[in-house]
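K.L.:
So the sequences go chain by chain: A and B. Following UniProt numbering, the numbering of the first sequence begins with 1 at its first residue and continues without gaps. Following UniProt numbering, the numbering of the second sequence begins with 1 at its first residue and continues without gaps.
Source of the hints: derived by calculation from the structure; they are not laboratory data. One or more of the hints may lead you astray.
Which copy is meant is left open, because identical chains are indistinguishable; a pair holds if it fits in one copy or across any two.
[Unchecked claim] List of simulated lysine-lysine pairs, BS3-like, C-alpha gap at most 27 Å:
hint, residue 1, residue 2
1, K82, K67
2, K28, K67
3, K113, K28
4, K210, K148
2 protein chains.
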Amino acid sequence: MPNVSNVFKRVAIFGVGLIGGSFALALKKAGAVQHIVGVGRSQASLERALQLGIIDSIATSPEAAVKDADLVLIAAPVAQTKAILDSIQPHLSPTTIVTDAGSTKSDVVDAAKEALGAKLRQFVPAHPIAGRELNGPEAALVDLYVGKKAVITRLPENNDADVARVAWAWQQCGAIIHYLDPAGHDAVFAAVSHLPHLLAYALVDDIARKEHADTLFQYAASGFRDFTRIAGSSPEMWRDITLANRHAMLQELDSYTARLAVLRQHLVNADTAGIEGIYANAQRARHNWISAIEAAEKQQREGGD
Amino acid sequence: MPNVSNVFKRVAIFGVGLIGGSFALALKKAGAVQHIVGVGRSQASLERALQLGIIDSIATSPEAAVKDADLVLIAAPVAQTKAILDSIQPHLSPTTIVTDAGSTKSDVVDAAKEALGAKLRQFVPAHPIAGRELNGPEAALVDLYVGKKAVITRLPENNDADVARVAWAWQQCGAIIHYLDPAGHDAVFAAVSHLPHLLAYALVDDIARKEHADTLFQYAASGFRDFTRIAGSSPEMWRDITLANRHAMLQELDSYTARLAVLRQHLVNADTAGIEGIYANAQRARHNWISAIEAAEKQQREGGD
């Protein structure tokens, strides 16, 4: 069993917004890091993160950021992963572990293979399942990851010690570690996260395009508000996720539209039992899901795992 | 201008659950009613409502319920409207006003035309835009309607005094009165409420039918929870609403699936600009909608209307 619980001497974070900033705050609170250096495209965000105590210094280049770092976290939109990895590859010391927080994993792994070559073993892909509608350093929360899942999609090239080290970092943030393979991860999140985002965006877009959109929005109430909350998320970020995971999303979208076609036929036929069957199955499944969540939360509060 | 602000002597409520119960509690708190009599299919619910102080007495028959009532509220699932109206029609005195709280209006008006005949003028259809996922008398809240819209879809047969009296009742509950025609009402709510319910039920049903449903639900998080909250609603109630409003819902469903088809093609083509265009349009429209809601709430708090 490798000793993974040494405090990080230097952690470099690409992207000091909600995801990277919350990781930084949580590591600091846990006393798990001595120095955090931020790097990114927006100088304003980096300075704000410095002011807020999220990071301890700002790196002026990717090279400077990763020098002497024992951990590098890439917390930028997934479409930027390849360029960031390209920029650090020549400067990565053999003892530096690189990880990421992207919502998709197959594309990130592909980018890492291309960019890192023989250094691929140093890259441990991960995805913390947490978020807010807000972005930027101000949105960072010290407890964003407490009780949330962090999924590690380890590569055959990774060694156990590096994987354990990344897991330890997320555990210091309060997260519960899960393991999936990259394709399995992407299939799961296509169904329970990425497709719902697309569906919510599509509904608001559809309504906004209608001639009488103002009247429609006037009568939209709390059910609509919750259903479309995820359509308030960043279009750029979700465009990237959609493109990165489009094959799995197409499968899920086709499966979903097939269910809509069944429901449509029930409407045409005024098929009472058919409609109620689908609604009741959904309500029951959701009820069971919520009950399972609540039981797990209770167990967690009571000190189980 | 008719005097509409006299306290109701006797209000009869068919269905003393969330909607009818909250109406009763709010009228009582406002001092707008002397006696409320409950009637319904479930003796247990009626007795619970009596214990909770929601109603003052239980009627043993529709005839007994409406006798001497100045207002009758039908707060049962919409598919029961016709049977309830049939049961009270012979016993309605000319001075009794009947209203309802159904989520669909064209079907309710059709039922009223059939059941009430010459007494149709006494029926003022309405729909308070409020709800919770919970049902039954225990779910009733005195402030459920405060700041919410109540839509009245008046009929050509109605007289102004009766319409004003129903509006006054909902105003006593804290609601803001809007007027639509029945078909217009149903088209609006097909888009912003009924279709979203169908879409949420369809998604949970689709996932629950998959072989690896347990794994999928395990990774579903807060975005999924909000998106599917309305799929926790009563399947029976929403089956009725779906059937009652199926023509308008088919229109909205077809419009929506056309947008999904456009998005699907963007996925196939990896059309970055196409995907971002739809997502950004939706995010902007939702942002504007939320801003408008918040401005209206602020104005309301500050004593405007």
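K.L.:
Work down the list of hints and note, for each, if the structure agrees.
P.N.:
Against the structure, the hints come out as follows:
1. K82 - K67: Classified as within; 19 Å inside a copy, 76 Å across copies.
2. K28 - K67: Within. Shortest intra-copy distance 20 Å satisfies the 27 Å Cα cut-off; inter-copy 71 Å does not.
3. K113 - K28: Cα proximity of K113 and K28: none, with 31 Å in one copy and 70 Å across.
4. K210 - K148: Answer is between: at 24 Å across copies they meet the 27 Å cutoff, but 39 Å inside does not.
When the structure is compared with the earlier hints, a violation turns up for hint 3 alone.
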